[in-house]
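Residue numbers (our numbering), protein chains in the order written: chain R, 1 to 489; chain S, 490 to 652.
Errors might be hidden in some of the hints.
Okay, derived cross-link-like pairs now, DSS-like style, lysine-lysine, Cα gap no bigger than 25 Å in a straight line [to be verified]:
no.: 1; chain 1: S; residue 1: Lys570; chain 2: R; residue 2: Lys18
no.: 2; chain 1: S; residue 1: Lys585; chain 2: S; residue 2: Lys540
no.: 3; chain 1: R; residue 1: Lys260; chain 2: R; residue 2: Lys221
no.: 4; chain 1: R; residue 1: Lys162; chain 2: S; residue 2: Lys570
no.: 5; chain 1: S; residue 1: Lys534; chain 2: R; residue 2: Lys148
no.: 6; chain 1: R; residue 1: Lys357; chain 2: R; residue 2: Lys221
no.: 7; chain 1: S; residue 1: Lys585; chain 2: R; residue 2: Lys148
no.: 8; chain 1: R; residue 1: Lys167; chain 2: S; residue 2: Lys585
no.: 9; chain 1: R; residue 1: Lys44; chain 2: S; residue 2: Lys646
no.: 10; chain 1: S; residue 1: Lys585; chain 2: S; residue 2: Lys561
no.: 11; chain 1: R; residue 1: Lys243; chain 2: R; residue 2: Lys331
no.: 12; chain 1: S; residue 1: Lys627; chain 2: R; residue 2: Lys399
no.: 13; chain 1: R; residue 1: Lys167; chain 2: S; residue 2: Lys581
no.: 14; chain 1: S; residue 1: Lys585; chain 2: R; residue 2: Lys162
no.: 15; chain 1: R; residue 1: Lys167; chain 2: S; residue 2: Lys646
no.: 16; chain 1: R; residue 1: Lys220; chain 2: R; residue 2: Lys337
no.: 17; chain 1: R; residue 1: Lys357; chain 2: R; residue 2: Lys97
no.: 18; chain 1: R; residue 1: Lys97; chain 2: R; residue 2: Lys167
no.: 19; chain 1: R; residue 1: Lys148; chain 2: R; residue 2: Lys167
no.: 20; chain 1: R; residue 1: Lys148; chain 2: S; residue 2: Lys561
no.: 21; chain 1: R; residue 1: Lys167; chain 2: S; residue 2: Lys570
Hints listed in this document are in silico derivations from the structure and should not be mistaken for laboratory results.
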Amino acid sequence: MGKKIIIDPVTRVEGHGKVTVHLDDNNKVIDAKLHVVEFRGFEKFVQGHPYWEAPMLLQRICGICFVSHHLCGAKVLDDMIGVGYSTGKHITVSAEKLRRLGHYAQQLQSHVTAYFYLIVPEMLFGMNAPPEQRNVLGLLEANPEMVKRVVALRKWGQEVIKAVLGKKMHGISSVPGGVNQNLSVEARDRLLNGEEGLISMDEVIDYAQDGLKLFYDFHKKNREEVDSFAEFEALNLSLVDEKGNVDYYHGKMRIVDNDKNIVEEFDYHEYLDFFSEGTEEWSYMKFPFLKRLGREKGSVRVGPLGRLNVTKAYTTPLAQEALERFHHYTKGKSNNKTLHTNWARAIEILHSAELIKELLNDVDLQKDSLILMPPKTDWTGEGIGVVEAPRGTLLHHYKANKEGNITFANLVVATTQNNTVMNRTVRSVADKYLNGNDIITEGMMNAIEVGIRAYDPCLSCATHAVGQMPLVVTIFDANGNKIDEQIKN
Amino acid sequence: MNLITTKYHPDLRIFNTTSSLIYGIGNIGRQDDGLGWAFIDWLTKEKLFSKAETMKHYQLHLEDADLISHKKRVLFIDATKEPDVETFEFVKIDPKLDFTFTSHDISIASILATCKLCFDYIPEVYLLKIKGYEWELKEGLTDKAIENLNISKDIFKNIQKTI
């Protein structure tokens with residue numbers, strides 16, 4: 001009789017999901033899926049609320065990438081009141097730079113969490129290490145000094161977010177048409193120079209470089225295992241500026257193929273003309289794809305690996321040097337090695353730190369021209385915002401009635417964009433690590449988790465759940481007969 | 490009938506010092522998950538335990554180890570679903586690396602252990618758990634949770650009279 005292996009819950013991944021692997025009588029993998037069984041309903045929940053509440057409410061989807069949701073929603077509101085990119089107008093230079101500062105700090109924070117807390121322990125101890133060692137607490141016992149640095153990095157990132165957004169979590173600074181506060185000279189100097197208990201900007205960059213070196217060392221020792229882990233071709237998506245380089249806050253959507261040829265490039269306000277979403281009965285998470293290429297060929301990879309495959313250059317020196325090394329490794333082609341996502345993430349930590357340093361030295365952050373207040377006649381009632389969130393391209397789309405109450409909301413989050421490639425990763429890893437084996441080791445089981453974790457998925461974001469949902473586990477035999485079912489509330 | 494199930498009841502006066510931190514954990518957008526914040530809001534409004542620093546957060550992060558390393562005593566307040574807790578319960582927390590970590594969920598015991606390993610210091614840490622019932626995406630505590638909150642407030646109010 002065929003077997004079905006269930007890994008549930010997928011540990012160290014936000015939200016709730018499970019993986020099922022179907023084996024035939026010879027222990028050959030015949031199917032593998034990542035199921036997302038948590039369902040959220042933020043898109044429904046926000047309807048009826050005043051439009052200006054949406055960025056405050058929707059950022060509560062997540063306690064990790066809340067700034068991305070907040071800023072994405074703010075860009076939608078800019079459109080709605082008539083000063084957004086869809087209208088051809090722009091918020092003030094200072095307002096945009098302040099939003100960018102918060103955005104880069106969020107990326108630094110989020111990537112530091114994913115990289116140091118979840119991935120570095122795996123790199124240092126190996127996939128076959130006992131679970132109690134293979135996490136940040138194992139790292140803490142082995143190397144408290146490193147964890148101390150991580151604590152310092154996260155604390156610094158939080159202080160930037162607090163200075164820009166007014167609160168450490170779920171801030172309120174971005175308002176329709178701009179921001180409601182600038183950055184004081186005192187706050188700027190504190191972040192640049194540090195103080196007792198707070199590291200300086202230059203120390204942040206040093207720590208970011210050390211983090212990248214950890215990957216280089218790990219890669220050198222484990223090149224074959226890392227490079228061959230879940231390697232498969234996929235299209236890559238990122239927001240890009242006019243030069244075709246990544247812009248985390250604004251730009252056109254560019255999709256490139258394995259040879260880095262542009263497959264599509266468009267203004268994100270036209271996303272509905274280019275993207276569609278598929279559904280599967282076994283997952284609450286949708287499967288976006290490019291309409292022109294269809295469901296199989298048109299899915300995209302987003303996030304650090306996707307962005308580094310799309311971008312040609314960075315404007316900051318240390319990150320540029322690291323990017324050149326990254327691009328050189330695959331000889332100019334797209335990098336399809338799933339675990340190189342962690343390499344890309346470490347580079348983006350450094351890139352974010354350098355971008356923050358540039359902005360902190362920019363006098364526009366102290367200026368008072370922060371909000372545009374257009375006449376009511378400019379009201380459009382509809383807006384679309386896109387940013388490059390830490391996990392990838394994030395889209396919010398709202399419509400409101402003439403009273404200003406939300407009537408429609410659609411969120412396409414990065415984890416949803418990555419749904420198909422995450423499933424391909426699960427299948428690839430299952431094929432390599434499970435096929436033909438009749439003893440399932442912890443290391444083999446963990447390999448599947450490692451593959452999923454490379455995307456740092458936020459399943460809570462991706463499924464927009466309201467309340468608690470039961471977890472239903474069903475077991476089928478090789479003939480498709482249900483042989484068991486468990487429901488866990 | 491007194492429903493209080495206090496396994497450990499410290500002399501609460503020890504928290505009314507400048508070296509103390511009272512820290513509410515929760516999410517007011519998730520019904521009874523807002524109990525920790527509601528308690529802090531009440532303390533602030535009533536100007537009780539005013540010498541202590543108070544703060545609210547959605548969840549614990551590893552950098553909270555740095556935060557508590559500067560305090561002599563810390564009282565965390567959080568909602569609980571534990572069936573053994575009828576209204577509220579005090580517990581003293583000892584450092585322990587309990588390996589339950591995700592970036593959304595780190596235990597107080599692990600924060601304390603991190604503090605010990607990184608900063609070679611262990612503050613005195615307690616947790617006040619207040620029983621909640623509903624965690625749906627909705628603002629406002631349930632009536633039963635408000636009752637439990639009020640019972641736990643009474644303890645603090647009575648202590649305050651002796652300060």
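Status of the hints after comparison with the structure:
With a C-alpha separation of about 24 Å, the suggested pairing of Lys570/S with Lys18/R holds against the 25 Å cut-off. For the hint linking Lys585/S to Lys540/S, the alpha-carbon distance of about 29 Å lies beyond 25 Å, and the restraint is violated. Using a Cα cut-off of 25 Å, the hinted pair Lys260/R and Lys221/R is violated, with the two alpha carbons roughly 29 Å apart. Taking the CA atoms of Lys162/R and Lys570/S, the gap is near 31 Å; set against the 25 Å cutoff, the hint is violated.
At roughly 36 Å between alpha-carbon atoms, Lys534/S and Lys148/R are farther apart than 25 Å, so this suggested pair is violated. Our distance criterion of 25 Å between C-alpha atoms is broken by Lys357/R and Lys221/R, whose separation comes to about 33 Å. Proximity of Lys585/S to Lys148/R is assessed by CA-CA distance (about 17 Å); at most 25 Å being required, the pair is judged to hold. For the given pair, Lys167/R sits about 30 Å from Lys585/S by alpha-carbon distance, which is inconsistent with the 25 Å threshold.
Using a Cα cut-off of 25 Å, the hinted pair Lys44/R and Lys646/S is violated, with the two alpha carbons roughly 41 Å apart. Restraint check: the Cα-Cα separation between Lys585/S and Lys561/S comes to about 18 Å, which is no more than 25 Å; the hinted pair holds. Between Lys243/R and Lys331/R the CA atoms are separated by roughly 21 Å; this keeps the pair inside 25 Å, and the hint holds. Distance hint between Lys627/S and Lys399/R is fulfilled; the C-alpha atoms sit about 22 Å from each other, no more than 25 Å.
A hinted pair counts as satisfied when its Cα atoms are at most 25 Å apart, and Lys167/R with Lys581/S does not qualify at roughly 29 Å. Under the criterion of a C-alpha separation no larger than 25 Å, the hint pairing Lys585/S with Lys162/R is inconsistent with the structure, at around 30 Å. For the suggested pair Lys167/R and Lys646/S, the alpha carbons sit about 29 Å apart, so the restraint of at most 25 Å is broken. Taken as a hint, the Lys220/R and Lys337/R pair is honoured in the structure, with Cα atoms around 15 Å apart against an allowance of 25 Å.
Note on Lys357/R and Lys97/R: the hinted pairing holds, with a Cα-Cα distance of about 12 Å set against a maximum of 25 Å. For the given pair, Lys97/R sits about 18 Å from Lys167/R by alpha-carbon distance, which is consistent with the 25 Å threshold. With a C-alpha separation of about 23 Å, the suggested pairing of Lys148/R with Lys167/R holds against the 25 Å cut-off. For the suggested pair Lys148/R and Lys561/S, the alpha carbons sit about 20 Å apart, so the restraint of at most 25 Å is met.
About 28 Å separates the Cα atoms of Lys167/R and Lys570/S, which puts this hinted pair outside 25 Å; it is violated.
Consistency note: the structure conflicts with the earlier hints numbered 2, 3, 4, 5, 6, 8, 9, 13, 14, 15, 21.
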